[in-house]
Amino acid sequence: MSASTLSHPASAPGGSSSLKLLLPLLRLLRGLAILVAVFALWEALVVVFAIRPYYLPRPSVIFAALWQTPAPYVQGFLRTLTETLIGFASGAAFGIGIGLVFFRLRALRELVFPLFIVSQTIPVIAFGALVVLWFGNTLFAKAAIAFYLTFFPVTVNTLLGLESVDPRQEALLRSFGASPRQLMMRLQFPTALPQIFVALRLASSLALVGAIVGEWFGDTVGLGVLLLQGMYTENVVSIWATLLVSAFLGTTFYAVVAGAERLFVFWGAEQ
Amino acid sequence: MGHRDQSGALLRAASETASSTAPAPVSAQPPLLEMKALSKRFGPVTAVDGFEAAIAPGEFVTVVGPSGCGKSTLFNIVAGLEEPDAGSILRFEGRSCHAHELLGKVSFMPQRDLLLPWRTVIDNAIIPMEIEGQPRKASRALAREMLPEFGLAGFGDQYPHQLSGGMRQRVALMRTFMFKRELMLLDEPFGALDALTRTMMQRWLLEVWRRHKRTILFITHDVDEALFLGDRVIVMSARPGRVKLELKVDLPRPRHADLVTSPEFIGLKRIVLEAIEEEAMKSFLAPGATAPQTDTPE
Numbered sequence: 001m002s003a004s005t006l007s008h009p010a011s012a013p014g015g016s017s018s019l020k021l022l023l024p025l026l027r028l029l030r031g032l033a034i035l036v037a038v039f040a041l042w043e044a045l046v047v048v049f050a051i052r053p054y055y056l057p058r059p060s061v062i063f064a065a066l067w068q069t070p071a072p073y074v075q076g077f078l079r080t081l082t083e084t085l086i087g088f089a090s091g092a093a094f095g096i097g098i099g100l101v102f103f104r105l106r107a108l109r110e111l112v113f114p115l116f117i118v119s120q121t122i123p124v125i126a127f128g129a130l131v132v133l134w135f136g137n138t139l140f141a142k143a144a145i146a147f148y149l150t151f152f153p154v155t156v157n158t159l160l161g162l163e164s165v166d167p168r169q170e171a172l173l174r175s176f177g178a179s180p181r182q183l184m185m186r187l188q189f190p191t192a193l194p195q196i197f198v199a200l201r202l203a204s205s206l207a208l209v210g211a212i213v214g215e216w217f218g219d220t221v222g223l224g225v226l227l228l229q230g231m232y233t234e235n236v237v238s239i240w241a242t243l244l245v246s247a248f249l250g251t252t253f254y255a256v257v258a259g260a261e262r263l264f265v266f267w268g269a270e271q
Numbered sequence: 272m273g274h275r276d277q278s279g280a281l282l283r284a285a286s287e288t289a290s291s292t293a294p295a296p297v298s299a300q301p302p303l304l305e306m307k308a309l310s311k312r313f314g315p316v317t318a319v320d321g322f323e324a325a326i327a328p329g330e331f332v333t334v335v336g337p338s339g340c341g342k343s344t345l346f347n348i349v350a351g352l353e354e355p356d357a358g359s360i361l362r363f364e365g366r367s368c369h370a371h372e373l374l375g376k377v378s379f380m381p382q383r384d385l386l387l388p389w390r391t392v393i394d395n396a397i398i399p400m401e402i403e404g405q406p407r408k409a410s411r412a413l414a415r416e417m418l419p420e421f422g423l424a425g426f427g428d429q430y431p432h433q434l435s436g437g438m439r440q441r442v443a444l445m446r447t448f449m450f451k452r453e454l455m456l457l458d459e460p461f462g463a464l465d466a467l468t469r470t471m472m473q474r475w476l477l478e479v480w481r482r483h484k485r486t487i488l489f490i491t492h493d494v495d496e497a498l499f500l501g502d503r504v505i506v507m508s509a510r511p512g513r514v515k516l517e518l519k520v521d522l523p524r525p526r527h528a529d530l531v532t533s534p535e536f537i538g539l540k541r542i543v544l545e546a547i548e549e550e551a552m553k554s555f556l557a558p559g560a561t562a563p564q565t566d567t568p569e
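So the sequences go chain by chain: A and B. For the first sequence, position 7 matches number 7 in my numbering, and the numbering has no gaps at all. Start counting at 1 in the second sequence, then tack on 271, and there's your number in my numbering.
Just so you know, the hints here were simulated from the structure itself, not pulled from any lab data. Do not rely on the hints blindly, as some may be mistaken.
Unchecked claim - Calculated Cβ distances over 12 Å to all of chain B for the following chain A residues:
no. : residue
1   : 25
2   : 61
3   : 109
4   : 139
5   : 231
6   : 256
Unchecked claim - In silico SDA-like cross-links for lysine to any residue, where the CA-CA straight-line distance does not exceed 20 Å:
no. : chain 1 : residue 1 : chain 2 : residue 2
7   : B       : 307       : B       : 327
8   : B       : 540       : B       : 522
9   : B       : 376       : A       : 183
10  : B       : 451       : A       : 179
11  : A       : 20        : B       : 433
12  : B       : 307       : B       : 357
13  : B       : 376       : A       : 179
Stated by the list, open to error - Covered stretches of chain A (chain B as the covering partner; in silico rule of three or more C-beta atoms under 8 Å from a C-beta of chain B):
no. : region
14  : 166–176
15  : 181–191
Note that CB positions come from ideal geometry on N, CA and C, so glycine has one too.
Could you build all of it, start to finish, from the sequences and the hints given here?
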């Protein structure tokens, strides 16, 4: 339900009537109300059944911890966000680019695509160790792991989208004398866009996973680091606080991507 | 069987009158498009075999035939999308040419409207001009001026999914008209519309054609439509497609809705129907005659 709350801001691009502006606001309020209700229920359950804080701390305690020492969480949030964004952006750009190249050059695709698949069968943990050897404990090591997790679904979906072009539509544009470049810009790429966005939404959460896993290989700042520290010191409240911050980061990022999708693929209803 | 013989006699008579009248426009003006011995095979299937026709500038020629007779193959060749087999002769503007040289020279409108869902009515209409490299702003202004003529006034900034089937078809036609070429190829443009919308669109198309003075080659499987619109009707044989009958439609223009009930119209319709029926029976009875997918995509 937190997703529905957070995905709201982009749900009505260019709302013209007052009703269109009011509707998302109501949806936001409803989402917030649900969120508050869930936390209240959680709090009540912990109190009523006397659940030990080791297993499930009260949300009020978690929020108090966040309130009292916000610095590590804010720092961690910003650091992990940066890693995620760099990994996501490079993975998306590379995935779309290589998808376009594979679409044009079938021979290259048959040569290189199997290597891509093999690369994806390597567990991210094994790959992580290698990345640390290459990049050290830098921000780019984490971004590289986020990249590694994101580029493949984007490549596959870009190819799928490009291949879903209606051949009759292509024939029509060719009969107007369209060049391959014009076909790409005016028909093939826009046709692939809905499919590409499906992958981008998936990639948005994968990039966050990549960044957090990357931090486990060694760093001093980041949400992944906070999780590890919480685990070693058995600081349950800190683990839960980091978890909530990660959830906030993940849903917000997903919502932004979904919002961009609604903005760019506004004709989706027809497909 | 007796009925069959009778219709055969009628057909022969019709072809004679057709052949005596057909060369007239050809000798008057060099044909815009000329096809001779046009053939196309797809593996074991011969779609078109020895098709011959000449279309004079400004003429409105309709092509009718039973389903799966190679009409669409014929159109794809003339649109430049498909090469005919060796030995076929294709002449455009008096010059013999390959089919692919016709790409960008013929304005082609397929059966489906094929509008791009992410473009507004105006932007869909100007696609051919954009591809030609004309400035967008001027093209848009031109398209906006043409909207009322195509019954789309006030709909310029709508997206295709907001329009009815008839309107979408008019946008597609507008796109075809904006691609200013001598020859227009219309492949069953009204096939998906209901009967009422269809007759209105036919009259409207004649009106637009009269004003814009283009040459039109129009595919249909509706005999009424073929006769109502055309200067000349070409009836194609069952697969493999060739010319079964060429009939001049000497009915006065402008044509009105009540034309279809006049005795002259009925007389012509009988000739065409008998020719088509004979061919339809042939393709129906032929072994494995279910039309291969290449010819009837929808």
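May I ask which of the numbered hints given earlier this structure violates, with the numbers listed in increasing order? none
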